[in-house]
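Note that the protein sequences, when read in sequence, are chains A and B.
Be aware that the first sequence starts at 76, since it is given in my numbering, and climbs by one per residue.
Be aware that the second sequence starts at 76, since it is given in my numbering, and climbs by one per residue.
These are calculated hints, taken from the structure and not from any lab test.
If you're wondering where the values come from, they're calculated on a predicted model, not measured in any experiment.
Mixed in with the good hints there might be a few duds.
[What the hints assert, rightly or not] Covered by chain A, per the in silico footprint, the following chain B stretches (three or more residues, Cβ under 8 Å): (1) 100-112; (2) 160-170; (3) 187-198; (4) 213-219; (5) 224-237.
[As the list claims (entries may be wrong)] Quick list of in silico lysine-lysine cross-link-like pairs, DSSO-like style, CA-CA up to 27 Å: (6) K322/B x K108/A; (7) K322/A x K322/B; (8) K108/A x K321/B; (9) K290/A x K108/B; (10) K322/B x K290/B; (11) K290/B x K108/A; (12) K281/A x K321/A.
[What the hints assert, rightly or not] Examples of chain B residues toward chain A, derived with CB under 8 Å: (13) L183; (14) F202; (15) S203; (16) E207; (17) R241; (18) T243.
Quick reminder that beta carbons are idealized off the backbone N, C-alpha and C, glycines included.
Protein chains: 2
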Amino acid sequence: MSRRQPSLAETLGEIRTRVDSRLDELVPRESEKPELLHQAIRYSLTAPGKRVRPALTILAATVFRGSIDLALDPACAVELVHTASLILDDLPSMDDATLRRGRKANHLVFGEDLSILAAFALLNRAFSVVSESAHLSLRTRSDLAAILSRAIGSEGVVAGQTVDLRSTAQTIDFETLEYIHSRKTGALFIASAEMGAAVAGLSGKKLEPIHAYAKNLGLAFQILDDLLDLEGTAEQTGKTVQQDVKKTTFVSFSGASGARSLASELVTVAVDALRPYGRRADPLRELARSLLRDGVVQH
Amino acid sequence: MSRRQPSLAETLGEIRTRVDSRLDELVPRESEKPELLHQAIRYSLTAPGKRVRPALTILAATVFRGSIDLALDPACAVELVHTASLILDDLPSMDDATLRRGRKANHLVFGEDLSILAAFALLNRAFSVVSESAHLSLRTRSDLAAILSRAIGSEGVVAGQTVDLRSTAQTIDFETLEYIHSRKTGALFIASAEMGAAVAGLSGKKLEPIHAYAKNLGLAFQILDDLLDLEGTAEQTGKTVQQDVKKTTFVSFSGASGARSLASELVTVAVDALRPYGRRADPLRELARSLLRDGVVQH
Numbered sequence: 076m077s078r079r080q081p082s083l084a085e086t087l088g089e090i091r092t093r094v095d096s097r098l099d100e101l102v103p104r105e106s107e108k109p110e111l112l113h114q115a116i117r118y119s120l121t122a123p124g125k126r127v128r129p130a131l132t133i134l135a136a137t138v139f140r141g142s143i144d145l146a147l148d149p150a151c152a153v154e155l156v157h158t159a160s161l162i163l164d165d166l167p168s169m170d171d172a173t174l175r176r177g178r179k180a181n182h183l184v185f186g187e188d189l190s191i192l193a194a195f196a197l198l199n200r201a202f203s204v205v206s207e208s209a210h211l212s213l214r215t216r217s218d219l220a221a222i223l224s225r226a227i228g229s230e231g232v233v234a235g236q237t238v239d240l241r242s243t244a245q246t247i248d249f250e251t252l253e254y255i256h257s258r259k260t261g262a263l264f265i266a267s268a269e270m271g272a273a274v275a276g277l278s279g280k281k282l283e284p285i286h287a288y289a290k291n292l293g294l295a296f297q298i299l300d301d302l303l304d305l306e307g308t309a310e311q312t313g314k315t316v317q318q319d320v321k322k323t324t325f326v327s328f329s330g331a332s333g334a335r336s337l338a339s340e341l342v343t344v345a346v347d348a349l350r351p352y353g354r355r356a357d358p359l360r361e362l363a364r365s366l367l368r369d370g371v372v373q374h
Numbered sequence: 076m077s078r079r080q081p082s083l084a085e086t087l088g089e090i091r092t093r094v095d096s097r098l099d100e101l102v103p104r105e106s107e108k109p110e111l112l113h114q115a116i117r118y119s120l121t122a123p124g125k126r127v128r129p130a131l132t133i134l135a136a137t138v139f140r141g142s143i144d145l146a147l148d149p150a151c152a153v154e155l156v157h158t159a160s161l162i163l164d165d166l167p168s169m170d171d172a173t174l175r176r177g178r179k180a181n182h183l184v185f186g187e188d189l190s191i192l193a194a195f196a197l198l199n200r201a202f203s204v205v206s207e208s209a210h211l212s213l214r215t216r217s218d219l220a221a222i223l224s225r226a227i228g229s230e231g232v233v234a235g236q237t238v239d240l241r242s243t244a245q246t247i248d249f250e251t252l253e254y255i256h257s258r259k260t261g262a263l264f265i266a267s268a269e270m271g272a273a274v275a276g277l278s279g280k281k282l283e284p285i286h287a288y289a290k291n292l293g294l295a296f297q298i299l300d301d302l303l304d305l306e307g308t309a310e311q312t313g314k315t316v317q318q319d320v321k322k323t324t325f326v327s328f329s330g331a332s333g334a335r336s337l338a339s340e341l342v343t344v345a346v347d348a349l350r351p352y353g354r355r356a357d358p359l360r361e362l363a364r365s366l367l368r369d370g371v372v373q374h
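Could you build all of it, start to finish, from the sequences and the hints given here?
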């Protein structure tokens, strides 16, 4: 009997199911004390998302002969961090957004204080998930924590968000725009991919091609997101749209069709970066092309 | 030549100097981009504090023949987390406090958004400091991350803060009060002490006495803090006082003198818990007695 290779869509569907079910195990029940905290955490964590970042981690692991089982917890750690960052982004003192992943923003349901604490708890949990991944070597766990932390801190998501917030309603140059998005979105994309590769045993120079891939993919993803913010509806995107009117985006620099071309170019660069890995990296190439084709909905 | 044993005050002074100088190395300069983020981080981290928690870590390590050098980074990680929690506590959506460690609250200087991001970055940095402590074994680093994470999350600081916030202006029973403070203050005290002992190689059952010590010391510390909030001045405490008038505290249950007796009893219990370790634990006993004697100023 010949067995058909699963399509990318099937693989992504399986990954999403595995990730969602593991995330459910990794955080306390809503009935556990303090109930409100756990409700706030689960409210955002279980909201429908594409789980693009965990998919990147798991695909990166499997193309290098790691297994889904080994990569699952690190993939969930990335999603825990991402969810924390979405909760913070939406706060009144930040983007003051009302809708996310098709649901009311976390702070509108649980209050600003609990939202902040939930985000804090999610970040904290991400690190314990990585450090407690019993089926990974202690060395790998330590490497994963380092990759994750670098993506979040002063060179990563927090840095990007800081500059973004302080650039709103100001004219910024292209360099600053790239600074913001290579950190706000790019850094966690890179960490997601590198963590998957690290689970499969890659380190040092061997990570460079996947680093370049994820960096360009992250930027493309951000541009597609900017386009959706402008052109999409809240129903399509699951979040407040036209949030960016006061912000300089890739679209405000290049117009919609220029931005679309740029995203397409970046995907080409991302795909080409994988050349040293040969054909085995095809699932990562396919993922990049599918994001470009289908757009970015409810990430 | 006979060498005099240093006094506890001298030891604590040395610890504070070492911790402050190491903390300074562990976070980016204010001149590094994004400057505002690093200014916000350093503003709270370098504010004068007693460094009680790092002292606990380092004393716990040294009484079990660990060295100050080995314990220094874990001790700093605890202080990074503690500083993050202070920034969050003071936010308008939480205690809405204006003064901390003798300085204006972080959000009054940098804005609420940057305060939240600074706290997030501090928590993140704590985990990378632990996982990158190159002179500790990978096993110890992983154990430290687990201890730290447990102290922060759903069973720790975040849980205590959640219940505290949702109990303000409500009548709560003694059990709830203990729930709040054993987590808000106690959990990080326990983690501080356990991390020091773990650095010195203790694990499992051997941690039980120091766990009991730190738990009781943490509660005593909280009661002394409640007393100071009521009786102290902003000048003495370095923070907004009479913040707790709307809250149920140990003082509102037992009155000032009852609270003072309770703190004293808890310190006795803490000191007695150390019996299995014999005389070598004396510095920890002395620390407990000195906190009771001198009160809690600018922690």
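*When the hints from earlier in the document are held up against this structure, which numbers fail?*
Of the numbered hints given earlier, those the structure breaks are 7, 12, 13, 18, listed in rising order.
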